[in-house]
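One line per chain: the protein sequences are X and Y, in this order. Following our numbering, the numbering of the first sequence begins with 1 at its first residue and continues without gaps. Following our numbering, the numbering of the second sequence begins with 297 at its first residue and continues without gaps.
Simulated from the structure, these hints should not be mistaken for laboratory data. Everything numeric in this text was worked out from a predicted model, so none of it was measured. Any given hint could turn out to be false.
Not close to chain Y: a few residues of chain X, all C-beta gaps over 12 Å, as computed [said to hold, decoys possible]: (1) Val3; (2) Arg17; (3) Pro100; (4) Pro275.
The list that follows gives simulated cross-link-like pairs (lysine-lysine, DSSO-like), each with its CA atoms no further than 27 Å apart [as the list claims (entries may be wrong)]: (5) Y/Lys543 to Y/Lys342; (6) X/Lys104 to X/Lys46; (7) X/Lys247 to Y/Lys543; (8) Y/Lys342 to Y/Lys400; (9) Y/Lys400 to X/Lys104; (10) Y/Lys543 to Y/Lys400; (11) Y/Lys543 to X/Lys104; (12) X/Lys247 to X/Lys46; (13) X/Lys247 to X/Lys104.
Every residue, glycine too, gets a C-beta built ideally from N, C-alpha and C.
There are 2 protein chains.
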Amino acid sequence: MTVLADYLAARQGEVDRALDRLLPPVAGPAARLHETMRYAVFGGGKRLRPVLAIAVCESLGGRVEDVLAPAAALEMIHTYSLVHDDLPAMDDDDLRRGRPTAHKAFGEAEAILAGDALLTLAFEVLASLPEGDAAAPRRARAVALVAREAGAAGMVGGQSADLTAERTAASLTSLEWIHAHKTGALLAASAELGALHAGASPEDCRAFARFGHAVGLAFQIADDILDRTATAAALGKTPGKDERAGKATYPALLGVDASRQEADRLAAAARAEIPAAARERAVLDELARYAVERGR
Amino acid sequence: MTVLADYLAARQGEVDRALDRLLPPVAGPAARLHETMRYAVFGGGKRLRPVLAIAVCESLGGRVEDVLAPAAALEMIHTYSLVHDDLPAMDDDDLRRGRPTAHKAFGEAEAILAGDALLTLAFEVLASLPEGDAAAPRRARAVALVAREAGAAGMVGGQSADLTAERTAASLTSLEWIHAHKTGALLAASAELGALHAGASPEDCRAFARFGHAVGLAFQIADDILDRTATAAALGKTPGKDERAGKATYPALLGVDASRQEADRLAAAARAEIPAAARERAVLDELARYAVERGR
Numbered sequence: 001m002t003v004l005a006d007y008l009a010a011r012q013g014e015v016d017r018a019l020d021r022l023l024p025p026v027a028g029p030a031a032r033l034h035e036t037m038r039y040a041v042f043g044g045g046k047r048l049r050p051v052l053a054i055a056v057c058e059s060l061g062g063r064v065e066d067v068l069a070p071a072a073a074l075e076m077i078h079t080y081s082l083v084h085d086d087l088p089a090m091d092d093d094d095l096r097r098g099r100p101t102a103h104k105a106f107g108e109a110e111a112i113l114a115g116d117a118l119l120t121l122a123f124e125v126l127a128s129l130p131e132g133d134a135a136a137p138r139r140a141r142a143v144a145l146v147a148r149e150a151g152a153a154g155m156v157g158g159q160s161a162d163l164t165a166e167r168t169a170a171s172l173t174s175l176e177w178i179h180a181h182k183t184g185a186l187l188a189a190s191a192e193l194g195a196l197h198a199g200a201s202p203e204d205c206r207a208f209a210r211f212g213h214a215v216g217l218a219f220q221i222a223d224d225i226l227d228r229t230a231t232a233a234a235l236g237k238t239p240g241k242d243e244r245a246g247k248a249t250y251p252a253l254l255g256v257d258a259s260r261q262e263a264d265r266l267a268a269a270a271r272a273e274i275p276a277a278a279r280e281r282a283v284l285d286e287l288a289r290y291a292v293e294r295g296r
Numbered sequence: 297m298t299v300l301a302d303y304l305a306a307r308q309g310e311v312d313r314a315l316d317r318l319l320p321p322v323a324g325p326a327a328r329l330h331e332t333m334r335y336a337v338f339g340g341g342k343r344l345r346p347v348l349a350i351a352v353c354e355s356l357g358g359r360v361e362d363v364l365a366p367a368a369a370l371e372m373i374h375t376y377s378l379v380h381d382d383l384p385a386m387d388d389d390d391l392r393r394g395r396p397t398a399h400k401a402f403g404e405a406e407a408i409l410a411g412d413a414l415l416t417l418a419f420e421v422l423a424s425l426p427e428g429d430a431a432a433p434r435r436a437r438a439v440a441l442v443a444r445e446a447g448a449a450g451m452v453g454g455q456s457a458d459l460t461a462e463r464t465a466a467s468l469t470s471l472e473w474i475h476a477h478k479t480g481a482l483l484a485a486s487a488e489l490g491a492l493h494a495g496a497s498p499e500d501c502r503a504f505a506r507f508g509h510a511v512g513l514a515f516q517i518a519d520d521i522l523d524r525t526a527t528a529a530a531l532g533k534t535p536g537k538d539e540r541a542g543k544a545t546y547p548a549l550l551g552v553d554a555s556r557q558e559a560d561r562l563a564a565a566a567r568a569e570i571p572a573a574a575r576e577r578a579v580l581d582e583l584a585r586y587a588v589e590r591g592r
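Hey, can you work out the whole structure from these sequences and the hints?
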């Protein structure tokens, strides 16, 4: 996986620099808010969503700079969802990637607000028009598609269904719905956003949305497997927490082996969605494989 | 104020119908999320922000339907900010407009998610293009301007500065900054959004932003006065809470009389900003007056 490792390292660096440029400086009467936003964003994330958007854009012949700011916006949305998810009223996590979670470091109120501000900033970035009015249809579409996948019909809907499922016995169907929304939706949006900013056809945009969706599901199953098999040190958080919390997981419902097979199947299905217009597909192939191999 | 009363009643009804159409139905695996969103939105709000946007649009010769969906999006943002503000980690309010707050009725986790989903839906609505690509520059601008005023540099920044101020002795300068951001920013965005959707010039859009900003400050001072002088029944929430929480307020810093004078001055300043292009200004004049007279 050296192609992917080199690619990830280079693009993660570009995403981090874009985030640093786009986030407000730690100054003024709301300095503590800005500090909390930066603490949450610069916490060692893999930048999977922005890298996926950039990789899709590049596979179609687009340039990194065509999609860099929108890609950084995806990371803001992902980060906000983690900050709110970690809150005591939600998953009540003290650690995230080996560091205190935002509410542990800055207090609950500031963590709630930092999440709100990151989500809002993401849409400001997606809508802003450095390229002038000619790019406006693409920008408006980017906002609409990301909002659709991140909101009640997508990611937040998945989180809510996850809360409801904790109180009932979840079936595989319900678990798949939750993962598809909680994780798949924003990855689908990431891949579609990359295609949109490369100027892809509506058909190819939809194919990439399906690609991202399948990668997201595979990724989440790998996450479930890791939660059962990995150590706290390797995970950067407490393992086994989901199962103890009574949350349904793929390994709990299917067993570890069948879960691995399902993740493999989804990764293959994702690769089959990559349209012919993607002339450079090595990185995308490896991204789909990476999503499941981290669960090994 | 019968001109305004009739106008408010008619436009509030249209805003409520638009909100009902735009919010997801209570169904599917995320039904509880949708129910929480609707509970929070249909809680008897005055719809001041959408009505302001519509009134500005109409004053410039625009039609209600040009701005109705974007106006409803403003109410979603206002509602999300109240839901998060009422949380135990923030203001810890049990009552809002005489009813249990969203987290009291549906639990904290669902209230956090409903706020997130309302904020996200607002941007989806602002960016959506029923009018086709010709409206894209206006839609992209609408998203960018609302996000700027609602986020870290606007409303959320004001909330965070308010938290910081609770721990220090706030001056009048700091209180004005907080009110200008916490309340003024979204009202400025509302007026500017109305002008934008009426096709106003950039100068007139900016004039209306200043109008909304001044109305917002006047409104917030009137709110501070009400918090000190009104009864719980009239207020629909516990009065005197801000002062007991050690929060600075205009009456605490200036006294009630000087606060009323400052609100009057701001309402007059707001009216002076209304540009000549606004041919129908009776409703706008009365809206500015209404903002302060509720504090009587």
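Hints, verified against the model:
Every CB of chain Y lies more than 12 Å from the CB of X/Val3, the least distance being 35 Å, so the non-interface label holds. With a least beta-carbon separation of about 19 Å from chain Y, X/Arg17 lies farther than 12 Å from that chain, consistent with its non-interface assignment. For X/Pro100, the shortest C-beta to C-beta distance to chain Y comes to about 16 Å, beyond the 12 Å cut-off, and the non-interface label holds. X/Pro275, annotated as away from the interface, keeps every beta carbon of chain Y farther than 12 Å; the closest lies near 23 Å.
Among the hinted pairs, Y/Lys543 with Y/Lys342 is consistent with the structure: their alpha-carbon atoms are about 25 Å apart, no more than 27 Å. Distance hint between X/Lys104 and X/Lys46 is fulfilled; the C-alpha atoms sit about 22 Å from each other, no more than 27 Å. Proximity of X/Lys247 to Y/Lys543 is assessed by CA-CA distance (about 41 Å); at most 27 Å being required, the pair is judged violated. Under the criterion of a C-alpha separation no larger than 27 Å, the hint pairing Y/Lys342 with Y/Lys400 is consistent with the structure, at around 22 Å.
At roughly 24 Å between alpha-carbon atoms, Y/Lys400 and X/Lys104 fall within 27 Å of each other, so this suggested pair holds. Taking the CA atoms of Y/Lys543 and Y/Lys400, the gap is about 24 Å. The hint holds against a cut of 27 Å. A hinted pair counts as satisfied when its Cα atoms are at most 27 Å apart, and Y/Lys543 with X/Lys104 qualifies at roughly 24 Å. Taking the CA atoms of X/Lys247 and X/Lys46, the gap is near 25 Å; set against the 27 Å cutoff, the hint holds.
Distance restraint check for X/Lys247 and X/Lys104: the Cα-Cα separation of roughly 23 Å lies within the 27 Å cut-off, and the hinted pair is therefore satisfied.
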